[in-house]
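Turn these sequences into a full structure, and let the hints guide you.
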Amino acid sequence: MNTLEARQVEKAFGRTHALRGLSAKIEPGEIVAITGPSGSGKSTLLHCLSGIMRPETGEVHYAGERIDTLDEAARTKLRREHFGIVFQFGRLVPELTAVENVALPLLFDGHGREEATTVARAWLEEAGAADVADARPAELSGGQLQRVAVARALITSPKVIFADEPTGALDSVAGERVLSLLLGAARVNSATVVIVTHDNRVAAYADREIVLRDGVTAGEVMA
Amino acid sequence: MSIGHILLGLLTERPKHGYELKREHDERLPGAKPLAYGQVYATLQRLQRDGKVAISGTAQESGPERTVYEITGEGTADVHRWLAEIEQPAPFISSPLFARVVLALVAEGSADGYLLRQRSAHLERMRELTARKSSAGASVGELLAADYALHHLDADLRWMETARQRIDELTREIRA
Amino acid sequence: MSSLLTVARMLSHGGSRAERTRARLMAAGAMLATWFLLGAANVLALRGRLNEWLGPASDPGTRRGTALALGLLILPVAAFLHQVSRLASADRERRLCALRLAGATPAQVRLLGGLETTRSALIGTVAGAASYVLLQSAARSLLLDPGSPADVAVPPLLCAAAMAIVIVTAAVSGLLSGRQVVATPLGVTLRTARRRPRRYVRWLGLPAGLIVIVVLSGAGVLPLTRPITTVLAGAMLLTIGLLLSPSSLVRLSARVAGGRARSAETLLAARALQADPRPWGRTLSVVGLAVTIGSVAGWEQAEILATRRATEPFWLSSFILVDLALLVGIAVAGSALFVHHAEYLLENGPMLATLQAAGTPETALRRVLTRQALIAATPVCTLAALLGVLPLGASAAVRPNVWYLWPLPHALLMAGLGVAAAILAATCSRRRLHRSVSPVRLRTE
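Protein chains in written order, with the numbering used here: chain L, 306 to 528; chain H, 22 to 197; chain V, 723 to 1167.
Rather than coming from a laboratory, the hints here were simulated on the basis of the structure.
Result set (BS3-like, lysine-lysine): computed pairs, CA atoms no more than 30 Å apart in a straight line:
no., chain 1, residue 1, chain 2, residue 2
1, L, Lys330, L, Lys464
2, L, Lys464, H, Lys154
3, L, Lys330, L, Lys382
4, H, Lys54, H, Lys154
5, H, Lys154, L, Lys330
6, L, Lys464, L, Lys382
This is how it looks when you write it as structure tokens:
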């Protein structure tokens, strides 16, 4: 079972404590929103859960394995094979076309270029961005950028999708499309989704919300 | 906003009978409080008295015979006058939410618990609305209604978060 | 003016980390330039025959050439400084815009830009001159016997002139560098689109190549009467043309590599180069020049070894000194590439951090940097080396001699050194890469 769990996690940046002994558990297939005011530790929790960062104390478990003790290489491999990650503003490689951006994870995984490109095109089609496949990021609108970023996160069919303010830079309607794309694909693969957001309307797409305040949960609210 | 204006607005399309008006009101303004037939009937009579609608005939479908009303020139002018005006932007704060937060502070010394419970209730309602919005075959009216409600609930939630932070700050100041 | 100086002082205190680094690197570049110029002036000031181990500086006849060679070392330093001036340019432009918004006139902003570079140049030049004089007098007392008639002191007038050249150049380039931003005080930088090189620049290669060939044949190096040398001359023309527009050569190489890339690393590297080949082109033209000179020097060495079979100290130390100078040139140009990497990482940090977060190993990102170096440097250095050995074919056909094989490995070595410098710059950027992809960079700015 691909349960994701943080136990008594603490993380500080210099003198600011981002997380102070936070515990949270996310079941497989769940769609969970992490909300809270700015500076409450939302993004840090996502970084710890996804193995991007290691907490100073506490444990992070994924699929019955403790991942915060793994070394960087092992965590990188885990992220590449099991997780998909979407950030605000897409953060695509500016010099590559949309389809090349989407194909990157497969290329890094050692797949051939033609195969990777074909699969990437299919995913762009799925994301409704087939028409901008050969455009570079600078030529895309915010919504298109984000769809390409989502396609890039989905191409490896991840078990868990992490999204950090995926609609932060978009207007409501464009944001809605990106979210339904992300969540639709997740439901098809019965993937877990963890969304960090400050937008309550985005949080309403989730089955459950984890409210953070000053680095701890303010009470989990079950659906 | 008055029911008279809504009925007049619906009549600008074509003449309609009372039951039709009630049905269209409920369909086009989904989520609004449904209109009672008696209310429709009384309003139509008042509009007729003021010369804004007139009886144009009767219609019989599969039920009883029904009186069909049409809008008059004066009625049309009234609708457009109404649409040219704006809604008074929230002249009074009459939200029970606001009252509860203040009274929770007065009676219990803290609104934290209440705010958290209310947040979860609000979010639950938002989830319902979001699910309805995402379901296949949602009409434009339903989408607009859901968006409307979602934005208002969202505004409530944001106000609640601000309230929590303000109360926190004040408490800290008093303690310090 | 004095209030402007106050503002400049305030700004230099509040600069970002990258900007402080830029100021330091600029000072370092100015110091190097001062050393080379003082060296050249020093050689010019020498009188009489000196110890043969001083190589070309020992003989009055070769002194002018030696001074010129030392002066040429300014070229890689210029490439380095140009790269440094681009470092943290986003920070700098933001600041200049903010100054305009705060009420500074365009002229004032330009002046502030000039003051910044002048300050760094001043520090670098003074440090350079002081250290040169110190080292030189130390070396003099150690190496020369007190009774020697040779006067090897740096003449103060030439010394001051060299320092003035460096400082004025820095001031002018600082004044010019702000010209694209001062137009608008809007918070958003309105950088006038980078102009593509004018069409005629691409044809500069032709006359330049012709001149080189005429000079070479005039020196009797390239007898134009033989058919084979005509072909060689054509090849040389082409090579020189390509080398004079190294940016297009880099772009071409990147396009080919990008089209054939089978791995994500090569694709990323090639596309990044293709999008911005100019810093590579600029730096590699200097590296290419060094490689060409090195290859020609190899040929020259063969010539002398063949005709004189000489291992006299004069020639040996000449060879060593020339190679050393070339090595220094390549090293300085290589550090310009290192600075370019820093700028690339500064600009693309969040993007690279995102790739890393999505499961791209850092080793793969390191390979992106190395492959950029390979894709850009290999064709330029190969062509440059080729250009250097082309005359070999002609003269080897005239006077076959075993020594004429020497320039081949020498040219190969030079090309290898050029590529190695580029790769070394990429390798040195590893720590910076590691910092750029740290999860801290993921935090939404």
